[in-house]
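There are 2 protein chains.
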Amino acid sequence: MPLLLFLFLATTLTISHGSEHTNIPNQIHPLRPQSGARGSNVAGLSCLSWRFGVETNNIIDWNTVPKECGDYVGHYMLGGQYRNDSRVVANEAILYAESLSLGKDGKDIWIFDTDETALSNVPYYAENGFGLTPYNSTLFNAWVLKGKAPALPETLNLYKKLMKLGIKVVFLTGRPDSQRDATAKNLKKAGYKTWEKLILRKSSESGKAAVEYKSGHRKKLEESGYRIVGNIGDQWSDLIGTNPGKRTFKLPDPMYYIG
Amino acid sequence: MPLLLFLFLATTLTISHGSEHTNIPNQIHPLRPQSGARGSNVAGLSCLSWRFGVETNNIIDWNTVPKECGDYVGHYMLGGQYRNDSRVVANEAILYAESLSLGKDGKDIWIFDTDETALSNVPYYAENGFGLTPYNSTLFNAWVLKGKAPALPETLNLYKKLMKLGIKVVFLTGRPDSQRDATAKNLKKAGYKTWEKLILRKSSESGKAAVEYKSGHRKKLEESGYRIVGNIGDQWSDLIGTNPGKRTFKLPDPMYYIG
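Chains as they are written, first to last, in the numbering used here: chain Y, 600 to 858; chain D, 600 to 858.
A hint or two may mislead.
Said to hold, decoys possible - Computed cross-link-like contacts, DSSO-like style, restricted to lysine-lysine with a CA-CA straight-line distance of at most 27 angstroms: (1) Y:747 <-> Y:801; (2) Y:845 <-> D:763; (3) D:801 <-> D:787; (4) Y:801 <-> Y:760; (5) D:818 <-> Y:845; (6) Y:807 <-> D:787; (7) Y:767 <-> Y:796; (8) Y:807 <-> Y:845; (9) D:703 <-> D:796; (10) Y:767 <-> Y:792; (11) D:760 <-> Y:818; (12) D:703 <-> D:747; (13) Y:845 <-> D:747; (14) D:784 <-> D:801; (15) D:747 <-> D:760; (16) D:818 <-> Y:818; (17) D:706 <-> D:760; (18) Y:747 <-> Y:763.
Don't read these hints as lab results, they were simulated from the structure.
Kindly generate the complete structure, drawing on both the sequences and the hints.
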C-alpha cells in the first residue's frame with residue numbers, strides 16, 4: 600500500500616509543522632522570526648495561501664494543483680480540515696434555511712451542485728493524485744459510471760434539513776446527460792432519496808462554459824415560477840452569473856477548477 | 600486502500616452527526632484521533648474553518664470575531680500568514696494587470712478600497728482586540744484622523760505596478776467625506792502618491808449599504824467613460840453588486856464584516 604504509506608508520512612510530516620502554525624502564540628513581537636509559527640519558510644504556509652487564493656476566487660483558470668502543494672492538498676482532503684470547513688458552510692446554510700419565510704405553493708427550491716457538493720469524489724482523487732495531475736476524462740467517467748461516490752456528509756445533512764423544512768432540491772450538474780442513470784442511482788444510494796429536478800448537461804450544451812450553462816438553467820427555473828432560495832456548490836462557477844439564488848454557499852475544493 | 604477510505608468515511612460520517620449544529624465540534628467520537636491532523640482539539644483548527652467561512656462569504660452579517668478565535672485572529676494578522684495570503688492576491692492581480700491590453704485613452708482604472716486594502720489598520724486593531732470587541736466609531740475615527748495607517752505593502756506593490764503600466768487608480772472608500780484630508784494625507788504618506796479620484800461617502804450617502812454605495816459610484820465611473828479593469832478590496836461588499844469591474848480581487852480580513 601504505497602499510497603497508505605505516502606499519506607501516513609505526509610500526514611505525520613504536516614502534523615509537526617501544523618501544530619506550530621495552528622497553535623496560538625504566546626508572544627507577539629514586531630520583528631518577525633524567519634522560522635516557526637510566524638516565519639514564512641514553514642512547509643505548508645504557502646500552500647495555505649494558495650488555498651486561500653483558490654477558495655476566494657482570486658486564483659482562477661488553473662489546471663492542476665501546484666506540485667509543491669500536492670502533499671498539502673492530500674492531507675487537507677483526508678485530514679479533517681476539509682470536513683471541518685464543509686461543516687461551517689453547511690451549518691451556515693442550515694441556519695439561513697431555518698430563518699426563511701417560505702411560500703405555501705411549493706415553489707421554493709435550493710440548487711445543489713453534484714461533484715464535491717452532494718457527492719464526494721475523494722475516493723477517486725485519493726487514487727489519482729488529488730488534482731496534481733490533469734483531469735483525465737476516461738478515468739473519471741469510469742469512476743462516475745460505477746455510481747459509488749459517497750455523500751459529502753455535511754451536504755447530506757443540509758439536504759435532510761431542507762427536506763424537513765419543505766424546500767425542494769434541484770441538482771444542477773455539469774455531468775453529461777449520458778450519465779443520468781448512474782448519477783441518479785448514485786445520489787439515491789448516497790442518501791439523496793428524492794428531488795424536484797436532476798439537470799445534466801445535454802450534448803447541445805457541451806460547448807457552454809459552466810457559468811453560462813448553470814446560469815441559463817437557473818434562469819429557466821425562475822422563469823417557470825420557482826424561487827431559488829439557496830444555491831450550494833464547490834466552484835464559484837456554480838454560484839456566480841445570473842439568477843444565482845437568494846443566497847449562495849461555497850464549499851471547499853482545492854483539487855480542481857471549473858470556470 | 601479502499602478499506603482504509605471506507606473506514607475513514609464511515610468514521611467521519613458518524614462524527615459529523617454528533618456535531619451537526621455546531622461550528623466547533625465538542626463531542627469527539629471515540630474512533631477519532633484525539634490529536635494531530637484529524638483531532639478537533641488541535642488549537643486553531645476550528646478557527647481556521649471559521650476564517651474559511653468568512654473569507655468565502657459563507658459567514659455574513661457578523662459583528663465580532665468569536666471569542667474563542669480572538670487569539671487565532673491576532674496571531675493570523677501579525678504572524679505572517681496574513682501577509683502571505685495578501686501576497687498571493689496581489690501577485691495574481693499583478694499577473695492579470697500585466698496581461699491586459701489597455702486603451703490609449705487613459706480611461707483604464709482600477710478601484711482600490713482603503714481600509715485593510717490600501718491602508719492597514721493593524722496597529723489600531725492590535726490595541727483594540729482584533730475584532731473581538733464591537734466596532735467603536737469614536738476610537739476608530741480618532742485613529743483615522745491621526746493619518747498614521749501604514750500601507751498594506753502587498754497592495755502598495757500592486758499600486759506601483761499599475762502606475763507603471765499606465766492604469767489609473769480610484770480610491771473608493773466607505774469613510775465619510777469629513778475624513779477626506781486625513782485620508783488623502785495618509786495615503787500619500789503611505790506611498791500612494793497620486794490618484795485619479797478619491798471617493799468618500801457624502802453625508803447624503805450615509806444611509807446606504809456598502810454594496811449599494813460602491814456599486815453606484817462604479818456605475819457612475821463607467822457611465823462617464825472609464826473602464827474598470829480591476830477592483831480590489833478586503834470585503835465582498837467592495838466586489839459584488841453592479842459594475843464590479845472586469846476582474847475582482849479579495850484580500851483577507853478576518854477582523855470585521857461590512858455588508
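Quick rundown of the hints versus the structure:
no., hint, verdict
1, Y:747 <-> Y:801, "holds, 23 angstroms"
2, Y:845 <-> D:763, "violated, 41 angstroms"
3, D:801 <-> D:787, "holds, 22 angstroms"
4, Y:801 <-> Y:760, "violated, 30 angstroms"
5, D:818 <-> Y:845, "holds, 23 angstroms"
6, Y:807 <-> D:787, "violated, 46 angstroms"
7, Y:767 <-> Y:796, "holds, 9 angstroms"
8, Y:807 <-> Y:845, "holds, 24 angstroms"
9, D:703 <-> D:796, "holds, 19 angstroms"
10, Y:767 <-> Y:792, "holds, 12 angstroms"
11, D:760 <-> Y:818, "violated, 40 angstroms"
12, D:703 <-> D:747, "violated, 36 angstroms"
13, Y:845 <-> D:747, "violated, 40 angstroms"
14, D:784 <-> D:801, "holds, 19 angstroms"
15, D:747 <-> D:760, "holds, 23 angstroms"
16, D:818 <-> Y:818, "holds, 24 angstroms"
17, D:706 <-> D:760, "holds, 17 angstroms"
18, Y:747 <-> Y:763, "holds, 26 angstroms"
Checked against the numbered hints above, the structure violates hints 2, 4, 6, 11, 12, 13; every other hint is satisfied.
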